[in-house]
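Chain A is fixed; fit chains B, C and D onto it per the hints.
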Amino acid sequence: MNTHPSAPGLSPATSLPFRDDHEMLRQTARRFFETECAPHREAWDEAGMVPRAIWRRAGELGLLCPRIDPAYGGAGGDLLHAIVLTEEQVKAGVVAPMISLHNDVVAPYLVAYGSEAQKARALPRMATGEWLGAIAMTEPSAGSDLRGMKTRARRDGDDYVISGQKTFISHGATADLIVLAAQAEAGISLFLVETDGLAGFSRGAPLDKMGQFSADTAEIFFDEVRLPASALLGGEEGRGFAQLGERLVEERLMTGVVAQAFMETAIDHTVAYTRERKAFGQRIIDFQNSRFRLAEARTEAVVCRTFLERCVTKFMAGRLDASEAAMLKWWSTEQQNRIVDACVQLHGGYGYMLEYPIARMWLDSRVAKIYGGANEIMKDIIGRAL
Amino acid sequence: MNTHPSAPGLSPATSLPFRDDHEMLRQTARRFFETECAPHREAWDEAGMVPRAIWRRAGELGLLCPRIDPAYGGAGGDLLHAIVLTEEQVKAGVVAPMISLHNDVVAPYLVAYGSEAQKARALPRMATGEWLGAIAMTEPSAGSDLRGMKTRARRDGDDYVISGQKTFISHGATADLIVLAAQAEAGISLFLVETDGLAGFSRGAPLDKMGQFSADTAEIFFDEVRLPASALLGGEEGRGFAQLGERLVEERLMTGVVAQAFMETAIDHTVAYTRERKAFGQRIIDFQNSRFRLAEARTEAVVCRTFLERCVTKFMAGRLDASEAAMLKWWSTEQQNRIVDACVQLHGGYGYMLEYPIARMWLDSRVAKIYGGANEIMKDIIGRAL
Amino acid sequence: MIESPYYTPEHEIFRADVRRFLDRECVPNRVAWQKACKPPREFWTKAGEAGLLCPKVSPEYGGAGGDLWHGFVIMEEQTRAAFNELAFYLHSDIIAPYIELYGTEDQKRRYLPKMASGEIVSAIAMTEPGAGSDLQGIRTRARREGDHYVLDGQKTFISNAQNAELIVVAAKTDPDAGARGVSLLLLDTPGAEGFTLGRNLKKVGNKVQDTSELFFEGVRVPVENLLGGVEGRGFYQLMQRLPEERLIMAMSAVVQMECAVDETVAYARSRETFGRKLADHQAVRHKLAECKTVATVARAYLERCIDLFVENRFDAQAGAMAKWWTTERCCEVIDECLQLFGGYGYMRDTPIARRWADVRLGRIAGGTNEIMKDLIGRAL
Amino acid sequence: MIESPYYTPEHEIFRADVRRFLDRECVPNRVAWQKACKPPREFWTKAGEAGLLCPKVSPEYGGAGGDLWHGFVIMEEQTRAAFNELAFYLHSDIIAPYIELYGTEDQKRRYLPKMASGEIVSAIAMTEPGAGSDLQGIRTRARREGDHYVLDGQKTFISNAQNAELIVVAAKTDPDAGARGVSLLLLDTPGAEGFTLGRNLKKVGNKVQDTSELFFEGVRVPVENLLGGVEGRGFYQLMQRLPEERLIMAMSAVVQMECAVDETVAYARSRETFGRKLADHQAVRHKLAECKTVATVARAYLERCIDLFVENRFDAQAGAMAKWWTTERCCEVIDECLQLFGGYGYMRDTPIARRWADVRLGRIAGGTNEIMKDLIGRAL
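Protein chains in written order, with our numbering: chain A, 109 to 494; chain B, 109 to 494; chain C, 27 to 406; chain D, 27 to 406.
No false leads were mixed into what you were given.
Straight-line C-alpha distance at most 35 Å; calculated DSBU-like pairs for lysine-lysine: (1) C/Lys303 x D/Lys303; (2) C/Lys228 x A/Lys199; (3) C/Lys228 x C/Lys61; (4) B/Lys258 x C/Lys303.
To list a few chain B residues with every Cβ distance to chain C over 10 Å, as calculated: (5) Glu144; (6) Glu150; (7) Met157; (8) Pro159; (9) Gly184; (10) Leu187; (11) Ala220; (12) Asp264; (13) Ser271; (14) Gln291; (15) Ala350; (16) Val357; (17) Arg446; (18) Gln453; (19) Tyr458; (20) Glu463.
Note that these hints are calculated values from the structure, not bench results. C-beta atoms are modelled at their ideal positions from N, C-alpha and C, and glycine is treated no differently.
Excised from the complex, chain A in its bound form (with noise of 0.2 Å):
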């Protein structure tokens, strides 16, 4: 992201090796979320989900699933393919689509852990936008404790028989494709569960969120469903909360890309808007409080991007570890919320109206301290491995 060529010693562009291929996806990407998704913001927040076709859309468009395999529909793409969509979905302030979970959460799960057939009957159909990935973790009782999770999933002849119950499940209203965790009888296991006409299986209404109201995250119930023994991940038993934990540091990581994104959107957006609006006379860019107040901000971003391109160029090496990625996670969604709310306040009275993107972005932004791990939980992580 090579932003703000108009203060170049600010914000020093970004480190990363991004290819022409990169370039050329974040113009394709910026045109599908500024004129496809952008304009349609309010009406999705209203509906509390996007339509179907704009994930048919994004497919056509090769915003789906470019990191997977060409054989499986992909782009055989990376991870700045990744931080591309992410940078440009949240400049334009769309949460929905949420093609990162889809892309960056869902599909790596089949990619690492799945059978070539289970592969090849996902992964294209993720890659056009027929199916819509979810992952099911978090259950009522449990919160961020997934060893005590209590959805259980029997052996019965050839067949899995899941009962229980998940919460805050992402997608969990619109899902074709979600990837269950559930207790078998060796640990924890993950499963593939294609929700058509499955029997059993229902989903609550969408849940009335705080923000990132089009993205839609609903309970999930599974009452006695019957899987066949080819839905578990990987063929074996009690893998699940190894190959979970494999998954967060990258998962992570792509919060701390979200994050950065906003902090520096929400910048940009006050910088002009401190600049275009007037109070008793002057600018109100022009007030010591303001200009000091934007200076901490925009330091505290470019501080935060050094420390976000270190994990990612450490992660494209193989090096990023579980304590880095969980100090990642808690600093920069605690930053992306600290100056997310010090912009809607330099905002005034119109930081807390709905259509300034500010007003949206200090809704959006509140979760970001909660899933993927709360942050408390990222410091236990961190000083328990001091």
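Then chains B, C and D, alone, in the frame of chain A:
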């Protein structure tokens, strides 16, 4: 403290019921601290302690133990007398003689738990300044964890034999009478140790602290020190932990009084400094950042004062509980340190020079978050009571 | 709910009435009203019948002759129910006093009884799109033309306007006179030609309370609707009321904190994670201890402010201090509390979530907190 | 000590030398020097002999021809020993470069070899009692009189001055020309008539580093001692060096944090309270996790700043950002760390205590952090 007559709306006068006798004591104390102590602060800081004569002088003026019964040389005063003394001492920038330690921490143990004989012997000497008091709880290996103390008091015929080591003892290098906590057979017990010529008792050199230079602090050592059974405070073993606990509420309240006086004094210095000094062609107080920072500090001090005064009022009515005292202790010392730090910053380079009172205040303040039970311990106390 | 020397048994009876009204008439309708972004007009009439409107107005003008604490009771009960998004206090504690304190006898008789009964819903229009908190810089003009003023201009962020029959409009009667040129006009909206109610703006929180743009194009207001009958007093009328208004904001912020801390302590005591109660994790307990401390300090401070107010010593600086400090702490504490609820803290049906979004406005409304610091800083 | 792609084996050999010198020649004398509020003059000669002075100066002028990282190595090792209170970097990394970059050939030959050997100790005099960080507002005059400048004025907060044979003095050669009127003069203090070394000021921390007032009354400086030989270049010479100076300050702040966190983790792992290790209390562990995170983020940021510096893209705003952000975080982290040491954290013989008092200066020196924000804010 009817402070800030220049800005009445900013710092409402105290709501505490000070009477004429309190105000007379205030005048005496102010003259004493301003003319007989403050000019020597630098020399006393160099020496690491104050001359004994200053204690005699304080005794003459009625500044020692004004709260004890006239029968023992006091003036039968109340907590407001203690507050008056503390406020004036802090305002004058004087950290030692540690009158509040002597008056409000040590003497009350005798008053509350001492036998008639113990009181009659010690209190009049404390009121004249003949004896300096100290209290010895903390040990090198235990810190805030009182139950972990290792100093032993072994009964041997009519005597107790004390062995052990205490550290961070205020007045450790100079005290004549030490209230000592030690493990006796029945549990932690308090002893009155008269140090003059006491075999087996020794003191370390005054510790080189980061502030409060003239307030001597030392390690003390007990090597088979023999005390008569009459040295046991209150005459019953095993009451020490409860006695210490009972006194802590008042000690923490007085910590709040000190913290409050620090805040208000720091702000007064800084308002005066920023009004007078110029930079870049205008007074420092004319920069919006300075004004905002001072507005914040003044507000925070006003808020803290209302809480302090409520605690004082409740204490005087016998209704201040341990949890509220803990709140006052951590909150007020935290605010004290933040405000003094902000005031240093507004002084620029001068804030780092010891000849400016704010610099010494910064150094003097830091220990307040640690002593009297570290602030983390306060949060534990509050948290457990929720 | 709150221990205070100022509450009498009579206030507690009133509190029970208020609580019953909120629980029966408001809470069940919350979701519908949030969707509509306003309460229905008839709700105001019901509130009037229940005695919730203008409790402080003198019986002579149809009020209940209550005191500051009747207003506090309503605010406390709304906060307990996490239902602050009904702007009772704007109608009863801000606008009615303008009329009662500064209005002519005729104005009082015309408006106050109907405001108390709910026949008239009121709004006040100060803020303009370009001026924000800068009252002296407003551009809405009130030009005298015979026995009318002709209003031209635009306002924004106006609460209650969607239902309002009466809007108190701040306008310049003398554009060259700065503060001295501002007057307050009482605009009867039914049938007011040239008056347009603009969009009902969608907000971050406070969903039920409508917030609108207003447009005035040659709107004729009879001269007898100039508040108090003398031009150029508007700025001072507004200024004089600010300390009380800010005291009420501070009170609201403090009660919000207290409710949030109570709810969170209860949750942390009941919720289990990692094999023990949330409250048994030391890091959680310390956060709760911090929040509880702030709420306790804030309560002591609020009581002191109330005492000063009662003694008539709560001045502009004191009001500014109380407003910024309590609203900042309120947002911090509630954000910490929300965090301890985990995912549930982000769901609208959890009170903490609504509180979190609602209280954010406190740092902006009633003069931003930066304006408060400016005011204090200049008086140092 | 620090993993960095820029360190070569040669730097590590140098590091070992520096460490040996500090451990043998400095640490044992710390208390005595702190009492004296300065190091003895001969210490500088020893440092010169040991190769610790001016490692970056070209061999042509008596230096070791090193690079930025030689300076970093010295700073890192001082920080490890909590002995930053020796102003090597002022002499070697700030003053020597002025002469090498801007000096005439004659000036370089006269001063640099002796600065490298320790025969000359140097100081730089910018700040004045009334001006603080405002360089353009300085009042010290340098009036041309024949082949001399006549210096009149007063300076304060001048480090190293007690031992200095050379003081670089910022003075106005043209009082009406603002920034363009500032020049730097090389004042040889031995035998300088009219020059008075004022008090050695007592400070909060950095005890060994002397800090003095200076007075100039008609001090005659030969014209060939005008740095670079051209009047009015002083302000620009100073400005141009600021990014590098601030990078060094940032580096120092980051290493301070890292050392503090390491020491605190070690202490928390070994110290027992309430029946378990300090580090096993969750609230302590979370504090440590926070501190460790900040130090880790700061290290990543510092490395990026160094990269930009190497690429010649580290401009004034970047320097301002790095300076304020790292020094603020440094003070916060070290304050948290000190707290975990309990009473020991307040004792001067605990490194954390000295670090705490020493680093406080970072938010003030080199332009206060408020000046930094102003600089960034103006460029937004």
